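Engineer: Sequence:
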Amino acid sequence: MLFQVTHTTSYLYQAPVTYCLNEIRLTPRHLAGQDVRKADIRVHPEPAFMHRRMDYFGNEVTSFEVLEKHGDLEISAESLVSVAPPPLEPAPSVSWDDARRLIERQADAACIKASEFIYGSPYVPGDPQLNEYARPTFVPGRPLLEAVRDLTHRIHTDFKYRPQSTSIDVPLTDVLRNRRGVCQDFAHVMIGALRSQRLAARYVSGYVRPGPNVQGAQASHAWVSVFIPGSGPGSGPGSSWMSFDPTNDLIVSDSHVTLAWGRDYGDVTPVKGISLGGGGQSVKVEVYLKPVV
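For the sequence shown, our numbering begins at 178 and goes up steadily by one.
Note that these hints are calculated values from the structure, not bench results.
This one's a predicted model, so the numbers in the text were calculated from it and none came from an experiment.
Cβ atoms here follow ideal geometry from the backbone N, Cα and C, with glycine treated the same way.
Misleading hints may appear alongside valid ones.
[Stated by the list, open to error] Straight-line C-alpha distance at most 25 Å; calculated DSS-like pairs for lysine-lysine:
#, residue 1, residue 2
1, K449, K246
2, K215, K467
3, K246, K461
[Said to hold, decoys possible] Computed spacing ranges between beta-carbons, pair by pair:
#, residue 1, residue 2, range
4, S259, E293, 29 to 37 Å
5, E223, D426, 40 to 48 Å
6, R278, H330, 23 to 31 Å
7, R214, R312, 41 to 49 Å
When you get a sec, could you build the whole thing from the sequences and use the hints?
Structural biologist: Quick look at the structure:
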């Protein structure tokens, strides 16, 4: 599937801004099943400089500085991305408890690398409530993929998608209690539940193709990638990461475009920065994901 992606963030300030420094993660990742054919970023007013680098997780980060006085700021990212369907290979049959043991033992290089994603992070701190929520799903001996699929479905069923019902500053315990939120909340709940079982899970930002009953297509979307160790002593070659979308109760496929991943939202924030002046501000975000025929 070939997609044309346009992501525009516009700031309107109450008073002039004399200086701003921003960093953005709006360039899709180059992956085995995702080919980025074009990726452009435009900023108005014209930045004094624009610098690209890779962060710790391998995401492309663009930094820019605007030195002239301005009353508004617009950041536009356009890309052309080809996404292939996931391979139709049999999934490893490892149980979730065996997967946990392989990760804890750091059985191979893949498990060592994945183990950094079993710990709490700033937006997904460890909490007994997460373990309590996960417990009905993770019964002893259950296949890992079956358990993760069940957790995805439970979050989709138990939590109501309510745009503007939360913000990134709302504690995860409040999301658990109120059972409502947006895609980033659902992803954080799922990551927290998986990590409570010492399973490796990372936060993925990107876009999802609009469609009937699809939530989260109007802005940046978020989902969860889970580490699946290979079964048996030679776990390395069979190990992989598999992604799940709890907002839409889906296994991620060629309807999703991946931007970035990290421990939680804080590692992949699409746009963040500092400015001098401005007073208050209003922010408008527009996302268009259009299949190219």
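Engineer: If you test the structure against every hint from before, which numbers come out violated?
Structural biologist: Violated hints: none; all satisfied.
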